[in-house]
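Colleague: Each chain is listed here by its residues.
Number of protein chains: 4
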Amino acid sequence: MEIGFIGLGQMGKAIAANLIRAGHRLCVWNRSAAPAEELAALGASIASEPAAAARGEVLMTMLADDEAHRAVLVGGAILERASRGLIHVNLATVSIAFARELAALEAQRGISYVAAPVFGRPEVAQAARLNVVVAGDPQAVARVEPLLAAIGERTWQLGSAPERATVVKLAGNFMIATALEAMGEAAALVRAHGVGAGELLEVLTQTLFAAPVYRIYGRLIAEQRYQPAAFRMALGFKDLRLALEAAGSAHVPLPFASVLRDHFLEAIAAGRTDYDWAALAEIPARHAGLPTPL
Amino acid sequence: MEIGFIGLGQMGKAIAANLIRAGHRLCVWNRSAAPAEELAALGASIASEPAAAARGEVLMTMLADDEAHRAVLVGGAILERASRGLIHVNLATVSIAFARELAALEAQRGISYVAAPVFGRPEVAQAARLNVVVAGDPQAVARVEPLLAAIGERTWQLGSAPERATVVKLAGNFMIATALEAMGEAAALVRAHGVGAGELLEVLTQTLFAAPVYRIYGRLIAEQRYQPAAFRMALGFKDLRLALEAAGSAHVPLPFASVLRDHFLEAIAAGRTDYDWAALAEIPARHAGLPTPL
Amino acid sequence: MEIGFIGLGQMGKAIAANLIRAGHRLCVWNRSAAPAEELAALGASIASEPAAAARGEVLMTMLADDEAHRAVLVGGAILERASRGLIHVNLATVSIAFARELAALEAQRGISYVAAPVFGRPEVAQAARLNVVVAGDPQAVARVEPLLAAIGERTWQLGSAPERATVVKLAGNFMIATALEAMGEAAALVRAHGVGAGELLEVLTQTLFAAPVYRIYGRLIAEQRYQPAAFRMALGFKDLRLALEAAGSAHVPLPFASVLRDHFLEAIAAGRTDYDWAALAEIPARHAGLPTPL
Amino acid sequence: MEIGFIGLGQMGKAIAANLIRAGHRLCVWNRSAAPAEELAALGASIASEPAAAARGEVLMTMLADDEAHRAVLVGGAILERASRGLIHVNLATVSIAFARELAALEAQRGISYVAAPVFGRPEVAQAARLNVVVAGDPQAVARVEPLLAAIGERTWQLGSAPERATVVKLAGNFMIATALEAMGEAAALVRAHGVGAGELLEVLTQTLFAAPVYRIYGRLIAEQRYQPAAFRMALGFKDLRLALEAAGSAHVPLPFASVLRDHFLEAIAAGRTDYDWAALAEIPARHAGLPTPL
Numbered sequence: 008m009e010i011g012f013i014g015l016g017q018m019g020k021a022i023a024a025n026l027i028r029a030g031h032r033l034c035v036w037n038r039s040a041a042p043a044e045e046l047a048a049l050g051a052s053i054a055s056e057p058a059a060a061a062r063g064e065v066l067m068t069m070l071a072d073d074e075a076h077r078a079v080l081v082g083g084a085i086l087e088r089a090s091r092g093l094i095h096v097n098l099a100t101v102s103i104a105f106a107r108e109l110a111a112l113e114a115q116r117g118i119s120y121v122a123a124p125v126f127g128r129p130e131v132a133q134a135a136r137l138n139v140v141v142a143g144d145p146q147a148v149a150r151v152e153p154l155l156a157a158i159g160e161r162t163w164q165l166g167s168a169p170e171r172a173t174v175v176k177l178a179g180n181f182m183i184a185t186a187l188e189a190m191g192e193a194a195a196l197v198r199a200h201g202v203g204a205g206e207l208l209e210v211l212t213q214t215l216f217a218a219p220v221y222r223i224y225g226r227l228i229a230e231q232r233y234q235p236a237a238f239r240m241a242l243g244f245k246d247l248r249l250a251l252e253a254a255g256s257a258h259v260p261l262p263f264a265s266v267l268r269d270h271f272l273e274a275i276a277a278g279r280t281d282y283d284w285a286a287l288a289e290i291p292a293r294h295a296g297l298p299t300p301l
Numbered sequence: 008m009e010i011g012f013i014g015l016g017q018m019g020k021a022i023a024a025n026l027i028r029a030g031h032r033l034c035v036w037n038r039s040a041a042p043a044e045e046l047a048a049l050g051a052s053i054a055s056e057p058a059a060a061a062r063g064e065v066l067m068t069m070l071a072d073d074e075a076h077r078a079v080l081v082g083g084a085i086l087e088r089a090s091r092g093l094i095h096v097n098l099a100t101v102s103i104a105f106a107r108e109l110a111a112l113e114a115q116r117g118i119s120y121v122a123a124p125v126f127g128r129p130e131v132a133q134a135a136r137l138n139v140v141v142a143g144d145p146q147a148v149a150r151v152e153p154l155l156a157a158i159g160e161r162t163w164q165l166g167s168a169p170e171r172a173t174v175v176k177l178a179g180n181f182m183i184a185t186a187l188e189a190m191g192e193a194a195a196l197v198r199a200h201g202v203g204a205g206e207l208l209e210v211l212t213q214t215l216f217a218a219p220v221y222r223i224y225g226r227l228i229a230e231q232r233y234q235p236a237a238f239r240m241a242l243g244f245k246d247l248r249l250a251l252e253a254a255g256s257a258h259v260p261l262p263f264a265s266v267l268r269d270h271f272l273e274a275i276a277a278g279r280t281d282y283d284w285a286a287l288a289e290i291p292a293r294h295a296g297l298p299t300p301l
Numbered sequence: 008m009e010i011g012f013i014g015l016g017q018m019g020k021a022i023a024a025n026l027i028r029a030g031h032r033l034c035v036w037n038r039s040a041a042p043a044e045e046l047a048a049l050g051a052s053i054a055s056e057p058a059a060a061a062r063g064e065v066l067m068t069m070l071a072d073d074e075a076h077r078a079v080l081v082g083g084a085i086l087e088r089a090s091r092g093l094i095h096v097n098l099a100t101v102s103i104a105f106a107r108e109l110a111a112l113e114a115q116r117g118i119s120y121v122a123a124p125v126f127g128r129p130e131v132a133q134a135a136r137l138n139v140v141v142a143g144d145p146q147a148v149a150r151v152e153p154l155l156a157a158i159g160e161r162t163w164q165l166g167s168a169p170e171r172a173t174v175v176k177l178a179g180n181f182m183i184a185t186a187l188e189a190m191g192e193a194a195a196l197v198r199a200h201g202v203g204a205g206e207l208l209e210v211l212t213q214t215l216f217a218a219p220v221y222r223i224y225g226r227l228i229a230e231q232r233y234q235p236a237a238f239r240m241a242l243g244f245k246d247l248r249l250a251l252e253a254a255g256s257a258h259v260p261l262p263f264a265s266v267l268r269d270h271f272l273e274a275i276a277a278g279r280t281d282y283d284w285a286a287l288a289e290i291p292a293r294h295a296g297l298p299t300p301l
Numbered sequence: 008m009e010i011g012f013i014g015l016g017q018m019g020k021a022i023a024a025n026l027i028r029a030g031h032r033l034c035v036w037n038r039s040a041a042p043a044e045e046l047a048a049l050g051a052s053i054a055s056e057p058a059a060a061a062r063g064e065v066l067m068t069m070l071a072d073d074e075a076h077r078a079v080l081v082g083g084a085i086l087e088r089a090s091r092g093l094i095h096v097n098l099a100t101v102s103i104a105f106a107r108e109l110a111a112l113e114a115q116r117g118i119s120y121v122a123a124p125v126f127g128r129p130e131v132a133q134a135a136r137l138n139v140v141v142a143g144d145p146q147a148v149a150r151v152e153p154l155l156a157a158i159g160e161r162t163w164q165l166g167s168a169p170e171r172a173t174v175v176k177l178a179g180n181f182m183i184a185t186a187l188e189a190m191g192e193a194a195a196l197v198r199a200h201g202v203g204a205g206e207l208l209e210v211l212t213q214t215l216f217a218a219p220v221y222r223i224y225g226r227l228i229a230e231q232r233y234q235p236a237a238f239r240m241a242l243g244f245k246d247l248r249l250a251l252e253a254a255g256s257a258h259v260p261l262p263f264a265s266v267l268r269d270h271f272l273e274a275i276a277a278g279r280t281d282y283d284w285a286a287l288a289e290i291p292a293r294h295a296g297l298p299t300p301l
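From first to last, the protein sequence lines are chains A, B, C and D.
Following the numbering used here, the numbering of the first sequence begins with 8 at its first residue and continues without gaps.
Following the numbering used here, the numbering of the second sequence begins with 8 at its first residue and continues without gaps.
Following the numbering used here, the numbering of the third sequence begins with 8 at its first residue and continues without gaps.
Following the numbering used here, the numbering of the fourth sequence begins with 8 at its first residue and continues without gaps.
Check each hint, because a few of them may be wrong.
Lysine to any residue pairs mimicking SDA-like chemistry, simulated, CA-CA at most 20 angstroms apart [claimed, not checked]:
hint : chain 1 : residue 1 : chain 2 : residue 2
1    : A       : 245       : A       : 255
2    : D       : 245       : D       : 104
3    : A       : 245       : A       : 107
4    : D       : 245       : D       : 73
5    : A       : 245       : A       : 275
6    : B       : 245       : D       : 236
7    : A       : 245       : A       : 278
8    : A       : 245       : A       : 281
9    : B       : 245       : B       : 213
10   : D       : 245       : D       : 75
11   : C       : 245       : C       : 27
12   : A       : 245       : A       : 111
13   : A       : 245       : C       : 248
14   : B       : 245       : B       : 92
15   : D       : 245       : D       : 277
16   : D       : 245       : B       : 258
17   : A       : 245       : A       : 256
18   : C       : 245       : A       : 252
19   : D       : 245       : D       : 53
20   : C       : 245       : C       : 213
21   : C       : 245       : C       : 280
22   : A       : 245       : C       : 71
23   : D       : 245       : B       : 104
24   : B       : 245       : D       : 108
25   : A       : 245       : C       : 258
26   : B       : 245       : B       : 107
27   : C       : 245       : C       : 277
28   : B       : 245       : B       : 104
29   : B       : 245       : B       : 297
If you are wondering where the hints come from, they were derived from the structure by calculation, not from laboratory data.
Please construct the entire structure, taking both the sequences and the accompanying hints into account.
Modeller: Now the structure itself:
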């Protein structure tokens, strides 16, 4: 299939590469040139401007946030110049309000908006083992399903309203953040009583909490190893704020998210914007006066 | 082995039955007679008073809380009348302060205190698939290991100070409670945007959160089914308070535990003491004005 | 002085009337006609459009929020058509970001932006006993000081950067909200032990807490009387969000504000948008299962 | 009147001195000798043991906590040896559970328990300007009223059940702690935007928050001056825990108290047990990365 792909960060580049490997023709665009050239080496063509990536059947975007999407899609005049019948697959995590706004704007121009945010860190993206939650017009979703199959382990259908996939993604990321804080508090509790965080997490992550989230992050926390970041504190904070915003607009109090917001702010005030967001787990250690790299 | 066993609630009865099945001779005591008679039907002898259960090589206890242990062990004069060299295996979750106090009291009388709290709900206990965290004098631990193997899937060694196992158990139960709240908040968030709690949890518990805690409790939460209780709200609250107490004594702030405490109180104020503690997940729904059985 | 006045809600109308009584010539504009006509009866002239109110020496605004200011000042073309040298005195509570943006925009057109948010409920405004916190260009502030003296009990000078007054106002309103919650929690505590909220608050508001905030709101809380609203829940929530936003942009965690946010959301989810924000104090009663009008 | 007085800390000594000045005969006892000798210099007699102070018409106690009261009153055999008809006026802040227990124990021996906890720091006690909240048997209360009048500015009658005064005192102290945190958060917010804590608090404590609590503590916070302590962090924490305990036993969630508990723990983990509890206000500064003596 002819696919435009915009946004070649760690995640986007890995996904785009898998699409090429699956035999699709990609036309890529990125703000900085280097990642686009890496993909050109794999066979992609490079778009001269964002709008040039919107001429195929499908446009995929994997940009940092609402603002970046707005700048490229609206500011970059893509919407005006896209081919009619284009399917826009947004792989990124955006706000519910923006998902709705964009879906409506695109519908006016005959573009079909499919929300397809992904769960998984860069190494999972490289291994084409992402979990993709997808929602949008059923025909469009059916059309792009082979693409999602090529980048992920499994696709989860969530219906026709795009924001349904978006809210599930936000809820999932929120739950990951709660797991970080919970491990951080539990680790502080046992450490203060002479038991290592690793001793605790070894037991739990092989038993009741034997799930990827706890295993992957549990190791980082047990080793207090937060650099290099696979998912930066700043991005984690963005997603948490999107969850709080989505909850606020529907009048849903989320006290755990409120605690997390305060801890993100403290980590950022301490200059840890570029640490892996797993470093959130150090805030409880900090408050308890335990040794911490934060 | 000759084993005394005191405390035949849902958990204790299932564990004791498994010890009998493994070929051990049990002498059981319980406050109410019925469960003791059930075990007698499997071959146990019934102790006429608590102290009569402390004449074998090992005494196992599975009582509700510190007070129940104190009433039976101290009030029931077991400590005075136990056979010297007795190993006391405490399978229950008690406070760190009480674990220390009891270990010291028993040491004075030549009794070896082994903390061996277990992770698992009644059906897991019946299937002899508990996870046991154990700490105490290494010789005593080695001696009782076959017993622990008979009741559990795996035993986790945590060293010679009994309270090390206790704090790991408290930290683990605290983490389960955080998972309940996290699922409850995430469910409220998606429900307020028209997505079912079951839709969300189906995705997450098969992917990032594919762990027993999330699967077992996720189903209860998706179905809002909190009766009959496998683990009562009141017991969950007891364990949370023990975690807060252990944290407080070591000056460890636990903000998630603080939120949980407030939510437990609200659930209890609403008369839900006998619901499964998974019903904690309904508090966020309640605050958001969503339909809830709480 | 020739003063334009835009925004004649409960507060604005009372303030404008006091300016007329002090001998100033007012040209007023309001979205709905009735309040403007009330002031015309006192001697004000009515502007045919917002820009017509910007032809005097001073323009005062008292609009609901950032959006209303943006709609009228930017959308209403006031900035383009204002007389050069105009002093814009903003009496309302806006965001710090908007205060900065507006000050810069106006500076480009030779308008001097003075932030002068006020503390006090409508009856205080009527009595010309507001407390005004003011910041802006010193010459402009000096020029408008007689006006501020005419509407308030005292003016507090906070320097030349307008956002300094804004942040003090936001911090003050946040502190009022904490007082509401604190009284609500304390009332729930004593009520659950058989002591009336009024008994508690009578003691405290005549002793340690003998301050206007506690006296005024303490009475409403003791009587659980939240209608009619002097300051609506929705407006209180707006101000709290501005405080959280100002704090977030500077990486300041505010855990009390986080609790308040959750309680505002719950009150709004319960349909209490139009109650006086003192009704926040009912959330703790609600959680404790005590009788409450919320 | 013949008064026994036990507990001569900063508060007790000041109160006892005022009773002597009012013409009463005091027989004092204290764990350490020096303060008793200071009072002897004013005319008091010194009891050789606690029970010797219980031979008059009234026994007043001002001890640190439940444990100290238990040690002296029960351990010191006062209850057994007190004169029948004795009125025990407890000026200290104890737990509700202990107030009830003690009242019942004393009633069995013909002693009348009057709860009369006081609001005010040492300098207020010296000036005989305390606020006393009193509850107990009306005849006993009437009998001791002249004594309370001699040590305080005003006595607040709260009925015949002693714990009614106790819970009002706990609620009051909790509210003071919320004011400390609120000022701390507000100060962090404005400081992060370049406004001094003193600038903010000067405005607020002369206007909306013109109450003793805000004025006294506001000055300490503006100057970040927390030593010497008039009321130690450790004592403040004790009172907060009593409030949480009283709330918990009646199933009242207190989220502000939960935040305060976490902040007390952090301050104590940081080694600030002996700072004035006003230093709680530094925790928000700490989390925001602002300069702080904590």
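Colleague: Each hint: holds or not?
Modeller: So, going through the hints one by one against the coordinates:
Between residue 245 of chain A and residue 255 of chain A, the direct Cα distance comes to roughly 15 angstroms. Compliance with the 20 angstroms bound is thereby established for this hinted pair. Taken as a hint, the residue 245 of chain D and residue 104 of chain D pair is honoured in the structure, with Cα atoms around 14 angstroms apart against an allowance of 20 angstroms. For the hint linking residue 245 of chain A to residue 107 of chain A, the alpha-carbon distance of about 18 angstroms falls within 20 angstroms, and the restraint holds. For the hint pairing residue 245 of chain D with residue 73 of chain D, the CA-to-CA distance comes to about 10 angstroms; that is within 20 angstroms, so the pair holds.
Taken as a hint, the residue 245 of chain A and residue 275 of chain A pair is honoured in the structure, with Cα atoms around 12 angstroms apart against an allowance of 20 angstroms. For the suggested pair residue 245 of chain B and residue 236 of chain D, the alpha carbons sit about 36 angstroms apart, so the restraint of at most 20 angstroms is broken. Our distance criterion of 20 angstroms between C-alpha atoms is met by residue 245 of chain A and residue 278 of chain A, whose separation comes to about 16 angstroms. With a C-alpha separation of about 13 angstroms, the suggested pairing of residue 245 of chain A with residue 281 of chain A holds against the 20 angstroms cut-off.
Proposed proximity of residue 245 of chain B and residue 213 of chain B is contradicted: the alpha carbons are some 31 angstroms apart, above 20 angstroms. For the hint pairing residue 245 of chain D with residue 75 of chain D, the CA-to-CA distance comes to about 13 angstroms; that is within 20 angstroms, so the pair holds. Distance hint between residue 245 of chain C and residue 27 of chain C is unfulfilled; the C-alpha atoms sit about 30 angstroms from each other, more than 20 angstroms. A hinted pair counts as satisfied when its Cα atoms are at most 20 angstroms apart, and residue 245 of chain A with residue 111 of chain A does not qualify at roughly 23 angstroms.
In summary, the hint linking residue 245 of chain A to residue 248 of chain C is supported, as the alpha carbons are separated by about 17 angstroms, within the 20 angstroms threshold. Note on residue 245 of chain B and residue 92 of chain B: the hinted pairing is violated, with a Cα-Cα distance of about 32 angstroms set against a maximum of 20 angstroms. Taking the CA atoms of residue 245 of chain D and residue 277 of chain D, the gap is near 17 angstroms; set against the 20 angstroms cutoff, the hint holds. Between residue 245 of chain D and residue 258 of chain B the alpha-carbon distance is near 13 angstroms, which keeps this suggested pair within the 20 angstroms criterion.
Our distance criterion of 20 angstroms between C-alpha atoms is met by residue 245 of chain A and residue 256 of chain A, whose separation comes to about 16 angstroms. A distance of roughly 14 angstroms separates the Cα atoms of residue 245 of chain C and residue 252 of chain A; the hinted pair therefore holds under the 20 angstroms criterion. Simply put, residue 245 of chain D and residue 53 of chain D have alpha-carbon atoms about 29 angstroms apart, too far for the 20 angstroms limit, and the pair is violated. Annotation: proposed proximity of residue 245 of chain C to residue 213 of chain C is violated, straight-line Cα distance about 31 angstroms (limit 20 angstroms).
Under the criterion of a C-alpha separation no larger than 20 angstroms, the hint pairing residue 245 of chain C with residue 280 of chain C is consistent with the structure, at around 11 angstroms. Proposed proximity of residue 245 of chain A and residue 71 of chain C is contradicted: the alpha carbons are some 28 angstroms apart, above 20 angstroms. Restraint check for residue 245 of chain D and residue 104 of chain B: satisfied, since their Cα atoms lie roughly 19 angstroms apart, inside the 20 angstroms limit. Between residue 245 of chain B and residue 108 of chain D, the direct Cα distance comes to roughly 23 angstroms. Violation of the 20 angstroms bound is thereby established for this hinted pair.
Using a Cα cut-off of 20 angstroms, the hinted pair residue 245 of chain A and residue 258 of chain C holds, with the two alpha carbons roughly 13 angstroms apart. At roughly 18 angstroms between alpha-carbon atoms, residue 245 of chain B and residue 107 of chain B fall within 20 angstroms of each other, so this suggested pair holds. For a cut-off of 20 angstroms, the pair hint linking residue 245 of chain C to residue 277 of chain C stands: about 17 angstroms separates their Cα positions. Pair hint residue 245 of chain B plus residue 104 of chain B holds up; C-alpha atoms about 14 angstroms apart against a cutoff of 20 angstroms.
Pair hint residue 245 of chain B plus residue 297 of chain B does not hold up; C-alpha atoms about 28 angstroms apart against a cutoff of 20 angstroms.
In summary, the numbered hints that this structure violates are 6, 9, 11, 12, 14, 19, 20, 22, 24 and 29.
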